[in-house]
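Hey, can you piece these two chains together into the complex? The hints should help.
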Amino acid sequence: MSLATIEKTTRGAVAVRSVDKSYGAQQVLHEVNLDVAEGEVLVVIGPSGSGKSTLLRTINHLEKVDRGTISLDGELIGYKARNGKLHERREAEILAQRTEVGMVFQNFNLFGHLTALQNIIEAPIHARKIPKAKAVARAKELLARVGLADKADAYPRQLSGGQQQRVAIARALALDPKVVLFDEPTSALDPELVTEVLEVIRDLAKSGTTLIIVTHEIGFARDVADRIIFMDGGRVVEQGTPTQILGNPQHERTKSFLSKVIEPAFNI
Amino acid sequence: MPPITTPVTDAEPDQHPAPEQGQPQTRQQGHKPVETSLAAPSQQQLADYKVVAATHPWRWVGTVIVAAIAAGILYSLLTNPRWEWGVVAQWFTAESILRGLGQTLKLTLISGALGFALGFILALMRLSSSPLFSSVSWTFSWIFRSTPLLVQLLLWYNLGYLYETIRLGVPFTPITFAEFQTTSLISQFAAAVLGLTLNQAAYSAEIIRGGILSVDQGQIEAATALGIPRWRRSTRIVLPQAMRAILPTAFNEIIGLVKGTSIVYVLAYSELFYTVQVIYNRTQQVLPMLLVATIWYIVITSVLSIAQYYIERHYSRGALRTLPPTPLQKLRRFLATHAVTKTAATSPKGQL
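Protein sequences appear in the order of chains A and B.
Residue 0 is where the first sequence starts when you use numbering that gives the first Met the number 0, and the numbers rise one by one after that.
Residue 0 is where the second sequence starts when you use numbering that gives the first Met the number 0, and the numbers rise one by one after that.
Just chain B, same shape as in the assembly (with noise of 0.2 Å):
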């Protein structure tokens, strides 16, 4: 981009005489005469002038005081010897921290994408003109909304209690296909899995049709129109432009179940913040423990938030006339001008 002095510097200083002087001015032909008075500038004067961006200046200030306050927290973090940055740092990536957090993920992953693509069946069924589907899935997501997520992870961690064997055949007849022992079916990871999904399954499915009701009916009055088959139409059609409206939410969901899979410690269960809480029952220290989750999550939510970025940018597709540069790529080009610059100014003294 050229500066914004450029059209400036390229004028004519007298480019805009007073009519009086009787230069043929081409600009102006055809126009009445401009009446110039010494007060005011005429609007071919004005034409010519620089343009000055508006100041901020409370800007300014506001920036010292979000600075200062920045450096106290900062400061009270590093200085006050409670925080135990040692023990932090001694614990950080300690084996069965990191085994914590591999289950931690694992379990986030699974239920993440299970329940997100029950989910989107749950969605489907949902809008669909059969009623059956469309009540079914009603009454899915009522239950599971309507329940805490703590007593289905306990309702099915303990269905062995409740149910000892498990029966595959037509009810109310003898005939069955497969039997099996509910404790040797449910481990605690299943009912973790089971539960978090379901669940998840249950929110994720309202999102995904909220993101559905977003896209204009035309898109699907069109490839119906076109013949394309139901479900291309919902997949290909319909989701993807969808999924601008449900990124930002689901993401929510997804970061909320990283940190949400921590309540699977009532299964004992070990996962990262239930390893973290063995070790400080042990060793008593509380909040050096605590800190050294709560730095893991951080990083996975961070981790996510850029995927995020990038997911979203992927699905605004033809939604914006040129996408926006990425992070990166404005850093790039930063760092390309910079250079280009730096060279520029070393380059002579290179040659002498």
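So that you can see chain A by itself, here it is in the shape it has in the complex (with noise of 0.2 Å):
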């Protein structure tokens, strides 16, 4: 299915810089800086609790930085800028601004008591002010693509845990977002329902949007990606293309935690 559909203007270009951020005592991101460029496909990698997904949450600002700034386009994501002061932005800016990034759960996060379609076209309506006809329209050109035209009227409940997801990848492209971010898309997953959501991402990645994926699926990284970052300790060790940081990883660190997923994984 092709992805005409979304317009390929000059977007999706992430900047952050200088992020820091503590839960209590714990600092889970130390001087975070990243360069995501429009329509880039980019790889976070890393064991657990190396930040990995409070990065990707600090993008949306479902998490707020507590150093540092995060921009998308140039626009600084939760503050403005003025008189050397950062200004928390308001509430209806910052919901503006979320429309802008499409976010994909481990847990899929499917509304409940609402259809595929219903959770589809819930954010477009309601977010966007889009007319319902033109909303649902779209919702259900977004489910043909991820293959489920026939689950509209689904509950979440009466899907699998890969239809779940393809759902809820739906979801996020319903605003057209000029971001994706994918945090750990296929860890709730049986192993053979992970392949039919890593075809929906890589037919994505193929389109042009920026795509900012978390995920274990080391071969998936490797064919995806345009470029891999690995973190470890909230820190970024290390980046380059798939072939150097999985060829040919420089730190230790990398080299250790690549061992360690590479030889049990198989690659699809």
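I should point out that these hints are in silico values taken from the structure, not numbers from a laboratory.
Among the clues, some could well be false.
Claimed, not checked - One side of the interface only, derived from the structure: several residues of chain B facing chain A at Cβ under 7 Å: (1) Leu225; (2) Gly226; (3) Arg231; (4) Ala244; (5) Arg320; (6) Leu322.
Stated by the list, open to error - The following residues of chain A were derived to be distant from chain B, with all beta-carbon distances above 12 Å: (7) His29; (8) Glu37; (9) Arg81; (10) Arg226; (11) Leu257.
Said to hold, decoys possible - Capping the alpha-carbon separation at 25 Å, the derived lysine to aspartate or glutamate pairs in DMTMM-like fashion look like this: (12) A:Lys139 / A:Asp149; (13) A:Lys79 / B:Glu311; (14) A:Lys63 / B:Glu83.
On a predicted model such as this, the values are computed, not experimentally measured, just so you know.
By construction, the Cβ of each residue, glycine as well, lies at the ideal position given by its N, Cα and C atoms.
Here it is in structure tokens:
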């Protein structure tokens, strides 16, 4: 299926500058600096607790940073710089910014009491004020794209994990976001359902939308990533092309992590 | 559903012969030949056995005992002349009783609806990140849960004694926008509604808060990430899913409120219970009149319980893979299958 519906404008550049974040005494992000270019597919790997998910959540302002800034196409996320100070944005502005960033969760987080279609049209209608008929048409198009055209009226619990995650991806795409964040999208899935979700993401990667993907699927990362960053202890330890990072890691930590994840896994 | 016996009757009688007979056995291909002995049937043979459900003989004994007790109670209710069923029947649909019943329903409906609406707002305030909202909500619940409803009702009704006028204006200044005579503002009805509503709100706030807390945090997170506005998030995403946890307790509260309205008799407000009291003070038929009120309360509670069943069923959409049939659907299905067997049995006769 083609992705011609998403216009190819220059959009979706993310810049993370000197970001620190702590939960109480525990610092989960240290001086994180990161640039993601328009249309780039960035894969974030690293052991659990390395700050990968927290980094994703700060990009959507689901987590406030303690220091540093995050911007999307030059606009600061969650704050406004004025007179040498960062002023927190008003709720409505933050909500508007969030509609620019799609997010796909590890546990899908589909709204259990709404059908697949209702899940998808909720945000376009109520966050973007798109007319219902238009939102429904678009939602059906997206469902067809993720191969679930016949599941529009199914409730999440009537779908398999892989199908739920595909609906969740369609829901994130319904807002035509500039960036889509994937937080371990296949970690909660049975092995035989992983492929169908990865296929959808792979298809999306070709469309020119900026993607930031946290995953443990190293084979998939090699296949789909323009660039891979390895995080550990809240720091970006190493970054480069898949060939560099996976084939010839420089850092000791990267080597030891990869030796643990690559061997038992098989490539897709 | 086909009867369980079908596979057995369909099975060929010689479908599980002993392997030494040398007949080709497709089902056992690739398996080790099954050892057959006279004592133990082979697993293959067991697979074709008819399943017999476990029997519960003690259940029958229990049923007989319960039926006997129920019959005894019913018999005594009907035959003891002191219940004065004639008086009950005479007053049950008397105009004054029905008027009282109407007032009880009105009070329940108004204070129930207002109480839960206010309770929802209080629950959201309590859960909000604003310390102002959450402490106001906490204090409200604290005050109204710690004072007896009776006291609250009497205070509202006697507000005119405490404050002769109510002034809308800026406190500690002479600026006044409006001024009312308290006694003309707070009637018996207003005092009853105020007291019941505010008290109900304090309790329902906690029930709704509990329901909201039971909803998976991921739901709120997903809605937030999608940029859905706060109010919409609460009403469209969280509340419907919280309903499953809220409803059983909420109906407890509503049913409690139906009977709880009887407390407004202290305001001499003529709801069902007060009306009954007035009548038995005059006629001295205390027990039968109380029975009249009781039966009406039972009727209301029964209707509410049925409503509860269907409302809970409505909110279980999506939480269950398939909804169970309603009692009505079960009955219809039962009648349908019954009718089919009946017509099947009678039709040959009719044709002959």
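Verification of the supplied hints:
Interface hint status for Leu225 of chain B: upheld, as the beta-carbon distance to the closest one in chain A is roughly 4 Å, under 7 Å. The interface hint given for Gly226 of chain B holds, since its Cβ lies 4 Å from the closest Cβ of chain A, which is under the 7 Å cut-off. The interface hint given for Arg231 of chain B holds, since its Cβ lies 5 Å from the closest Cβ of chain A, which is under the 7 Å cut-off. This hint is violated: Ala244 of chain B has a C-beta 13 Å from the nearest C-beta of chain A, more than the 7 Å allowed.
Taking 7 Å as the C-beta contact cut-off toward chain A, the hint placing Arg320 of chain B at the interface holds, the least distance being around 6 Å. Because the closest C-beta pair between Leu322 of chain B and chain A is about 11 Å apart, greater than 7 Å, the hint is violated. Residue-level check passed: His29 of chain A sits 24 Å from the nearest beta carbon of chain B, beyond 12 Å. The Cβ of Glu37 of chain A lies farther than 12 Å from every Cβ of chain B, with a closest approach of about 21 Å, so its non-interface assignment holds.
Annotated as non-interface, Arg81 of chain A keeps its C-beta farther than 12 Å from every C-beta of chain B; the closest such distance is 23 Å. Once the 12 Å rule is applied to beta carbons, Arg226 of chain A is consistent with being away from chain B; the minimum gap is 24 Å. Remark: the non-interface label on Leu257 of chain A is consistent with the geometry, its nearest Cβ contact in chain B lying 30 Å away (cut-off 12 Å). At roughly 9 Å between alpha-carbon atoms, Lys139 of chain A and Asp149 of chain A fall within 25 Å of each other, so this suggested pair holds.
Only pairs whose Cα atoms come within 25 Å are accepted, and Lys79 of chain A paired with Glu311 of chain B is rejected, the gap being roughly 46 Å. At roughly 72 Å between alpha-carbon atoms, Lys63 of chain A and Glu83 of chain B are farther apart than 25 Å, so this suggested pair is violated.
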